[in-house]
Amino acid sequence: MKHRIAVIGSNSFSGADFIDLLLENPANQVLGISRSAEKDAIFLPYKRHAAAAYDFRKLDLNDDMPEMLSVLDTFKPEYVVNFAAQSEVAPSWENPWQWFQTNAVAISHLGHHLKSAPYLKRYVHISSPEVYGTCVGSVLESAPLNPSTPYAASKAAGDLFLFTLVKNYKFPMVMIRATNVYGPCQQLHKIIPRAAIYMMTGRTVELHGGGRAVKSYIHIRDVSRGELAAMEKGRGGEIYHLSPDKGVSVRELVEMMAAKMGVAFDKTVKIVAERLGQDAAYVIDSTKARRDLGWKPMISLEEGVGQVIDWVKKNRETIAHQSLEYVHKP
Numbered sequence: 017m018k019h020r021i022a023v024i025g026s027n028s029f030s031g032a033d034f035i036d037l038l039l040e041n042p043a044n045q046v047l048g049i050s051r052s053a054e055k056d057a058i059f060l061p062y063k064r065h066a067a068a069a070y071d072f073r074k075l076d077l078n079d080d081m082p083e084m085l086s087v088l089d090t091f092k093p094e095y096v097v098n099f100a101a102q103s104e105v106a107p108s109w110e111n112p113w114q115w116f117q118t119n120a121v122a123i124s125h126l127g128h129h130l131k132s133a134p135y136l137k138r139y140v141h142i143s144s145p146e147v148y149g150t151c152v153g154s155v156l157e158s159a160p161l162n163p164s165t166p167y168a169a170s171k172a173a174g175d176l177f178l179f180t181l182v183k184n185y186k187f188p189m190v191m192i193r194a195t196n197v198y199g200p201c202q203q204l205h206k207i208i209p210r211a212a213i214y215m216m217t218g219r220t221v222e223l224h225g226g227g228r229a230v231k232s233y234i235h236i237r238d239v240s241r242g243e244l245a246a247m248e249k250g251r252g253g254e255i256y257h258l259s260p261d262k263g264v265s266v267r268e269l270v271e272m273m274a275a276k277m278g279v280a281f282d283k284t285v286k287i288v289a290e291r292l293g294q295d296a297a298y299v300i301d302s303t304k305a306r307r308d309l310g311w312k313p314m315i316s317l318e319e320g321v322g323q324v325i326d327w328v329k330k331n332r333e334t335i336a337h338q339s340l341e342y343v344h345k346p
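Numbering (this note's numbering), first residue to last: 17 to 346.
Accuracy of the hints is not assured; some may be wrong.
In silico lysine to aspartate or glutamate, EDC-like type, Cα no more than 16 Å apart, as pairs [what the hints assert, rightly or not]:
hint, residue 1, residue 2
1, Lys345, Asp76
2, Lys92, Asp79
3, Lys286, Glu222
4, Lys345, Asp79
5, Lys131, Asp79
6, Lys18, Glu40
7, Lys286, Asp261
8, Lys304, Asp261
9, Lys18, Glu222
10, Lys262, Glu318
11, Lys345, Glu104
12, Lys55, Glu40
13, Lys312, Asp261
14, Lys74, Glu54
Hints are computed from structural coordinates only; laboratory data are not their basis.
All chains, full assembly: derive it from the sequences and hints.
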């Protein structure tokens with residue numbers, strides 16, 4: 017089936033993988049929009065496809081909204097999938113208003129325009145389980161919002177606005193909340209690629225709070241498949257969780273990586289203070305997506321971590337010239 021899809025936040029880790037999946041169907045026409053120029057090809061898996069089916073536009077949600085809306089109206093996508101966000105948690109304490117500008121104010125502008133777009137069949141919004149705060153047990157889509165950080169509060173604000181459009185205008189939105197995504201091509205400052213690089217180069221991996229926080233790591237391709245299923249089969253106004261079968265502590269993750277890379281865990285890690293506002297557990301229930309969308313994760317954590325390690329080794333020379341630190345862009 018042929019689709020016209022606009023992907024906002026196309027240079028993000030999740031956006032780039034989703035585009036790669038879309039372009040596996042040569043009938044799809046895809047428009048990518050991102051505030052940054054396209055990155056090195058090692059971070060953009062869709063570069064393996066022919067360019068004819070993909071068009072990229074460098075536009076910023078905050079600075080270029082009128083032009084972005086004009087581009088969308090010209091392209092007339094059946095589907096708009098929005099990954100664009102200020103997404104880092106810890107830095108959101110420093111300039112919280114910048115997180116609200118992107119994750120709430122700009123989203124209200126985009127949603128306000130798209131609610132009356134005659135071409136739009138479905139808007140897919142990528143939210144975050146961070147909006148629930150610390151998860152006790154396995155959290156359902158109906159759980160109350162209880163954000164613990166400025167990032168989470170800004171995402172919750174944007175989400176709540178979009179649901180006012182659903183309630184009052186029948187805005188054709190589905191919302192995705194996926195847990196801790198990882199995989200080849202991820203930003204190097206994230207825990208799995210960074211730990212692989214540090215272990216390979218003899219550097220020390222810092223474990224915040226001893227690595228006690230429980231995360232639900234899910235492979236990016238499993239998430240992309242779930243997002244595509246929600247785009248094509250999801251019910252308007254619904255939230256879908258995408259998560260693995262169980263969580264794992266950050267310490268257990270790093271222990272697994274140390275074993276895979278043949279380094280001594282105790283000599284590789286350093287215990288440091290926990291991050292401000294760090295949620296103790298991060299486990300959500302994905303029964304609804306499994307039941308209604310026919311989705312389930314296919315790639316185990318052990319297999320996926322192995323893929324990241326292989327990707328780091330294969331691209332070691334290019335990675336050596338890349339920053340391993342998060343660089344904030346307002």
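Hints, one by one, checked against the model:
The suggested pairing of lysine 345 with aspartate 76 holds, with an alpha-carbon distance near 11 Å, which does not exceed 16 Å. The straight-line distance between the Cα atoms of lysine 92 and aspartate 79 is roughly 21 Å, outside the 16 Å bound, and the hint therefore fails. With a CA separation close to 5 Å, the supplied pair lysine 286 and glutamate 222 stays within the 16 Å bound. The straight-line distance between the Cα atoms of lysine 345 and aspartate 79 is roughly 13 Å, inside the 16 Å bound, and the hint therefore holds.
Of the pairs offered as hints, the one joining lysine 131 and aspartate 79 is violated, with about 21 Å between alpha carbons and a cut-off of 16 Å exceeded. The straight-line distance between the Cα atoms of lysine 18 and glutamate 40 is roughly 12 Å, inside the 16 Å bound, and the hint therefore holds. A hinted pair counts as satisfied when its Cα atoms are at most 16 Å apart, and lysine 286 with aspartate 261 does not qualify at roughly 29 Å. Proximity of lysine 304 to aspartate 261 is assessed by CA-CA distance (about 13 Å); at most 16 Å being required, the pair is judged to hold.
Between lysine 18 and glutamate 222 the CA atoms are separated by roughly 46 Å; this puts the pair beyond 16 Å, and the hint is violated. Between the alpha carbons of lysine 262 and glutamate 318 the distance comes to roughly 13 Å, so the proposed pair stays at or under 16 Å and holds. With a CA separation close to 11 Å, the supplied pair lysine 345 and glutamate 104 stays within the 16 Å bound. Distance check on the hinted pair: lysine 55 and glutamate 40 sit about 20 Å apart at the alpha-carbon level, beyond 16 Å; violated.
For a cut-off of 16 Å, the pair hint linking lysine 312 to aspartate 261 stands: about 9 Å separates their Cα positions. Annotation: proposed proximity of lysine 74 to glutamate 54 holds, straight-line Cα distance about 8 Å (limit 16 Å).
Of the numbered hints stated above, those contradicted by the structure are hints 2, 5, 7, 9, 12, listed in ascending order.
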